[in-house]
Amino acid sequence: MAIHAGAPRRSTLAPGDQAKLDDLRARLADLKDEPGATLEALYAAQEVFSYVPPEAVTMIAEELSLPESEVFGVLTFYTMFHRKPSAKYVLRVCRDLSCHISGAPAVLKALNDELGTRVTEVTEDGLFETESVSCLGLCDLQPAVMVNLEQHGPLDAEKARSLLADLRAREA
Amino acid sequence: MELVVTKNFGNPQSWTLESYRNAGGYQALEKVLNEMTPEDVSELVKESGLSGRGGAFFPTGLKWQFVRSDPKTPRYVVINGDESEPGTYVNRYSLELDPHLMLEGMLIAAYACNATLGYVYIRGEYGLGHERTQAAIREAYEAGYLGQRIMGKDGFDFEVTFRRGAGAYIVGEETALFNSLEGKRGNPRYKPPFPTNVGVWGLPTAINNVETLSAAPAIIENGAEWFQNLGHGEATGTKMYCLSGRVAKPGVHELPLGTTARELIYDYGGGVLDGRPLKGFKPGGASSAALGPEHLDAPLEPRSMAELGTIMGTGGVVVYDDTVCMVDAAYRDALFFEEESCGFCIPCREGTPNLVQILERILHGQGTMDDLDLLEDLGASMMSSFCGLGQFAHQPVRGAVRAFRDEFEAYILGR
Ligand SMILES: Cc1cc2nc3c(=O)[nH]c(=O)nc-3n(C[C@H](O)[C@H](O)[C@H](O)COP(=O)(O)O)c2cc1C
Ligand code: SF4
Ligand code: FES
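Residue numbers (numbering that gives the first Met the number 0), protein chains in the order written: chain A, 0 to 171; chain B, 0 to 414.
The following block holds chain B by itself, in its conformation from the complex:
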């Protein structure tokens, strides 16, 4: 299987410019600058089907076209490296092992967007990722891949600023991230207008996940069709899936988008820890509702996960065995969202602690069957939340009630 975004991970000192160049690095950028127009680049990326790996799966080439089409300047490219979704650690690997790949992808995006300024924003906890990314930016400046007249190309200038977060999941939401970059509290902004028109500092901004941008160089080099064929049908390309929870071998695996959970867990993860029975799994981080073992053969890609009432999310697959209490697991999710709610809007600020309280009641044997309906109703009311955090926070709880109702009833009925 051909690798796109993890291909250099095994190379010695893979994070250095020397190693990256030895592996053919910055040749895609050279090709873009010498042979392609900005339109060519966004069209090619559109055709490849590359879509946002941050979890929303928005078509990347289209995003770049929108940014280029906005007459306001300067335009920005922002790398979203805030990765804080529980169960997700794929960006960490890219930042530590191949920061130049993401920078080359960023430069390709900048060319496609006619953007001249950029930010790399990494969550505050990724210390090693900060070091290696900052070193890579320095190396790229010294080698003329960043700055003025990049690779000798007249009119192609791009300046990058490195920024770190300081602990806040919500800042991964794109408009909250802009506020954080502007030195403010990380509350989200109303959409529309969308970032492609009104992004950081009110200017047109292409914000992309680390993994999305890391896929761009290989698409330039190998073409759209090549990338399409790596995936499954409409789910084109590869995805970095990562495994954690009650799995024998936690780790990152780059596989075709649309790989099944069965393949991922059993062929790549060594199966369930200690060979125990699988109770369920989360397809993509805390925001995704868990599925039971009957869905092991569903492809892990956005459309089929939506059909099952959950989301593909980040590809952070969390495995549950028979030792895990699903009421407690739902409670953990609720605690996370309660802690991370930014407090800006009422449905989420009030709804997340309410979810926690109801689940605590159930866990303490004081719940009633009405509480299960209440969780549904509360969740429905949280759909009116201002941003995705509140709109998703109740999904894992409601999903658990639906898929593992007998466990909730056992607490309530005192079994």
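Bound conformation, chain A alone:
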């Protein structure tokens, strides 16, 4: 069972995030009457904040009339939800069988070396973080990487570095 490291349950909001909370409340209005929309509500929070802060959990519980513990339980069950601010580009590197024997460890190392970070650590400019994840269903692109939901592969160390260069160029 994966215990996913995350921030403790204290406020992580920045000054000025009140507007984001208002934005979230507006988005949740559409989900109120839809049964079983907890995951979609958490996605909405993540879209607004880049992660799901404790205040969003409280708000989702209120708006969807659920116990806060249940919302928190759902949040911690699914690996695509973040509990601390996430990077603009989340680089999900597959660690499973087909990718592993096709060179995934070298790809993850090249990305981390180039960024100077460790897995799930966000770069100072807020642009990048790597994740080491279960099979992405991109095994024909082995070793595969997802940049948010964009598919990349097959990669090697060099292609991984040029992927980063391309993403940086997008930002320039």
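Don't take every hint at face value.
Here are a few chain B residues that face chain A, going by a calculated C-beta distance under 10 angstroms [said to hold, decoys possible]:
| id | residue |
| --- | --- |
| 1 | Lys45 |
| 2 | Glu46 |
| 3 | Glu84 |
| 4 | Gly86 |
| 5 | Val159 |
| 6 | Arg162 |
| 7 | Gly166 |
| 8 | Gly232 |
| 9 | Glu233 |
| 10 | Leu242 |
| 11 | Cys341 |
Bear in mind the hints are in silico, worked out from the structure with no lab data behind them. This one's a predicted model, so the numbers in the text were calculated from it and none came from an experiment. Yeah, the Cβ is synthetic: ideal placement off N, Cα and C, and Gly gets one too.
Add chain B with the ligands to chain A, keeping to what the hints say.
Structure of chain B with the ligands alone, referenced to chain A:
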């Protein structure tokens, strides 16, 4: 060879309604609505031998009959597009290249089940699949293939809701998927009752894999016998196999169910990468135990794989060459199941990390011959797990010990 579920993949803009209709799309549904009763449909699909491509190979027509026979309403049809089994990516292709085919199959299932509501559930990572499936659902509503009085047929109404997952392999298990649809943690539920009687929201539910439903339209159009003849004996129809690992050309190939690994790897996959010797292969995803090259000519279908002590699984064939360490490969499998165990029951929650620890010990040269027996015993105890994840998690490890014992012994004896 006639194609069933990948036939439209090469068409320009194959994922659009226009392209799908140009290829004869939604004509099977029209035939069903005009010429067949719900009983006719489930009987035909039963006769065709179509069985669940999600890996359990349950007879699809029978499932639909069970759902229709339950008096509770509304009844549901759910598409399982959670595909997360390592080495498996066939549903991704269908979702990206032919979402209408699966929707037409869903509508045929809905008619056979007298179902009025449906969900399409796709794993959270399949971004392009989400876009194209959602677009297809919109197009289908606009064209009157979804909604009220579908294709002008009085009394045939069907509403579909699109949902995405958020990263959790276990949610592919059908009852865990229902919990996820209901907005809960994706823990499995006890069976029985089975989904056909107590599914999503406690109502009768036909849950089917993307590929299973995608086969239905062609069966309606061409008949049961046609579909039977595409396969090998009792293994009827085709299967989307996919190749990865140390193979020259990874990719998806729709072939008769019961094609051999030799044909798949050498005729379609270009052989082993760099022409190296084959050490073994997994027949169907991480849950399946690997087989050695002596089994290359066994047909990849459920019965013969069971006879060899493994499973057909998802048809995600992973190729190992002589550079792959089978102890490390087993360790990878164990790590996957440790990560993905939902933690709900003890044999799996405790067993999966134990498998990892024992394999780590062996890999670090600290294992003993007793550890090999321990892996067997631990695996046997995990058979009491609550759901299929824990019941299968140890199979690839035990299978590796049996088929590649010399490699484990080499670590233990320091060779
Ligand atoms: C751990 C586990 C994971 C599963 N994952 C999937 C999956 O990703 N997709 C799928 O279609 N079936 C999956 N299944 C099988 C489903 O429970 C179910 O049998 C299937 O969706 C039924 O559809 P079918 O009869 O068309 O195959 C999984 C089963 C288990 C035990
Ligand atoms: S077997 Fe594993 S995945 Fe299944 S219920 Fe038990 S802990 Fe969860
Ligand atoms: S094993 Fe890496 S994407 Fe499937």
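* If you take the shortest Cβ to Cβ gap from Glu46(B) to chain A, is it below 10 angstroms? -> Hint violated; Glu46(B) Cβ to chain A Cβ min 33 angstroms, cut 10 angstroms.
* How about Arg162(B): closest beta carbon in chain A under 10 angstroms, or not? -> This interface hint holds because 7 angstroms falls under the 10 angstroms limit.
* Asked: Should the hint that Gly86(B) touches chain A count as held when the rule is a Cβ pair under 10 angstroms?
  -> 5 angstroms, holds
* **Interface restraint verdict for Cys341(B) against chain A (beta-carbon cut-off 10 angstroms)** => 7 angstroms, holds
* Mind checking the CB of Gly232(B) against every CB in chain A and telling me if the closest is under 10 angstroms? => 29 angstroms, violated
* Supplied contact hint for Gly166(B), tested at 10 angstroms Cβ to chain A -> Because about 4 angstroms separates Gly166(B) from the closest Cβ in chain A, which is inside the 10 angstroms limit, the hint holds.
* With a cut-off of 10 angstroms, does the beta carbon of Val159(B) approach a beta carbon of chain A closely enough for the hint to hold? -> 14 angstroms, violated
* Could you check if Leu242(B) really has its C-beta closer than 10 angstroms to a C-beta on chain A? => Interface hint status for Leu242(B): holds (8 angstroms vs cutoff 10 angstroms).
* With 10 angstroms as the cut and Cβ atoms as the points, is Glu84(B) at the interface with chain A? -> 7 angstroms, holds
* May I ask you to test the interface hint for Glu233(B) with respect to chain A, counting a Cβ-Cβ separation under 10 angstroms as satisfied? => 29 angstroms, violated
* Should the interface hint for Lys45(B) be scored as holding, given a Cβ-Cβ cut-off of 10 angstroms against chain A? -> 31 angstroms, violated
Checked against the numbered hints above, the structure breaks hints 1, 2, 5, 8 and 9 and satisfies the rest.
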